[in-house]
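J.: Here is what each chain is made of, one letter per residue.
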Amino acid sequence: MRIKAIHVWALLVIATLLSWFLKGDAVAAKAGATAVILIAAFKVNLVISHFMELRWQPAPFRLIVSIWLAISTAIIIGGYWVA
Amino acid sequence: MVQDNLNQTGQASRLPGDSGVWTFIIADMAAFAMFFLVFALGRMEAPDIYELSRQKLDPNLGLLNTLILLTSSLFMVRAVDAARIADRAGTMRNLVLTLLIGSGFAITKVAEYSAKIDAGIGLTTSEFFMYYFAFTGIHFLHFAIGVGALLMMLVKARRDAMDERFVQWIESVGCYWHLVDLLWIMLFPMLYLMRAG
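So the protein sequences, as listed, match chains A and B.
According to numbering that gives the first Met the number 0, the residues represented by the first sequence are 0 to 82, in order.
According to numbering that gives the first Met the number 0, the residues represented by the second sequence are 0 to 196, in order.
There's no promise every hint is true.
[As the list claims (entries may be wrong)] Here are the in silico distance ranges between beta carbons for each label pair:
1. P59/A x L36/B: 18 to 24 angstroms
2. S48/A x S18/B: 15 to 21 angstroms
3. V26/A x L51/B: 20 to 26 angstroms
4. L16/A x L99/B: 30 to 36 angstroms
5. F20/A x G147/B: 32 to 38 angstroms
6. H6/A x G103/B: 30 to 36 angstroms
7. R1/A x M33/B: 31 to 37 angstroms
8. A69/A x M43/B: 37 to 43 angstroms
Note that these hints are calculated values from the structure, not bench results.
Even glycine gets a Cβ: it sits at the ideal position worked out from N, Cα and C.
Please take these sequences and the hints and turn them into a complete structure.
T.: Spelled out as structure tokens, the structure:
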């Protein structure tokens, strides 16, 4: 079942505003920074699935893009925690 | 009428847009993954300098640009949907809205760069700002190319037949426009929101 684009957009906006809340002093810096990147990854996945409409078939584009998202998220969060 | 990219029957679904465009999108994403890596490695070496530099950015403008691109992307989806049912007026209307809302990104970005330059902040201020200007500058170039592609689609939507070929064109441009959005979704928290612990 395809989710309506306006609902996906609303979810993206809510996730963006949640990131905005997490950047402040209300949460510990490390937890907040990690959460904002995980939320960004969730948003990117929404864009790939519902705006770009990239499915798992035909292969291999969705698999490559998903691996890219996992690696990019790991790089940004990993670099932050090691610093 | 062209089918959208659903997979409700269990059969293999269709790739939206042209496979060449997808090859370009993936190559481009790989380049940005390298950008994320050099930024992460740089930050590991000097987290304090990166944090002080980050605090000089205006997150309000970053948030505004995120909302602008997300909303512009919504109208891009609607333009593609209209093209699939050969709704010329709907396609053009949504393309115009995609462009109008998206152009807000350029206004905000110019205001942001101007404020930085006025404050004496440039490429050589710190390694953070070198990456900030390089990454957001390259992203802005993507945005500008996307605006050009959207203008081309507006011309095509006005004069071309609303056939499968047109749908493939608009899907390709749509996926590129969503790439501009997607890259910003990652750049925004990495540059503006990651507070040092």
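J.: Indicate, hint by hint, whether the structure satisfies it.
T.: We went through each hint and held it up to the structure:
About 22 angstroms separates the C-beta atoms of P59/A and L36/B, a value consistent with the hinted range of 18 to 24 angstroms. The given range of 15 to 21 angstroms is respected by S48/A and S18/B, whose C-beta atoms sit roughly 19 angstroms from each other. The hint said 20 to 26 angstroms for the Cβ distance between V26/A and L51/B, and at roughly 21 angstroms that hint holds. Distance hint check: the CB atoms of L16/A and L99/B are about 23 angstroms apart, inconsistent with the given range 30 to 36 angstroms.
At about 36 angstroms, the beta-carbon gap between F20/A and G147/B stays in the expected band of 32 to 38 angstroms. In this structure the hint that H6/A and G103/B lie 30 to 36 angstroms apart at CB is violated, the actual value being about 23 angstroms. R1/A and M33/B have their C-beta atoms about 34 angstroms apart, which keeps the hinted 31 to 37 angstroms range intact. Between A69/A and M43/B, the C-beta spacing of about 20 angstroms breaks the proposed range 37 to 43 angstroms.
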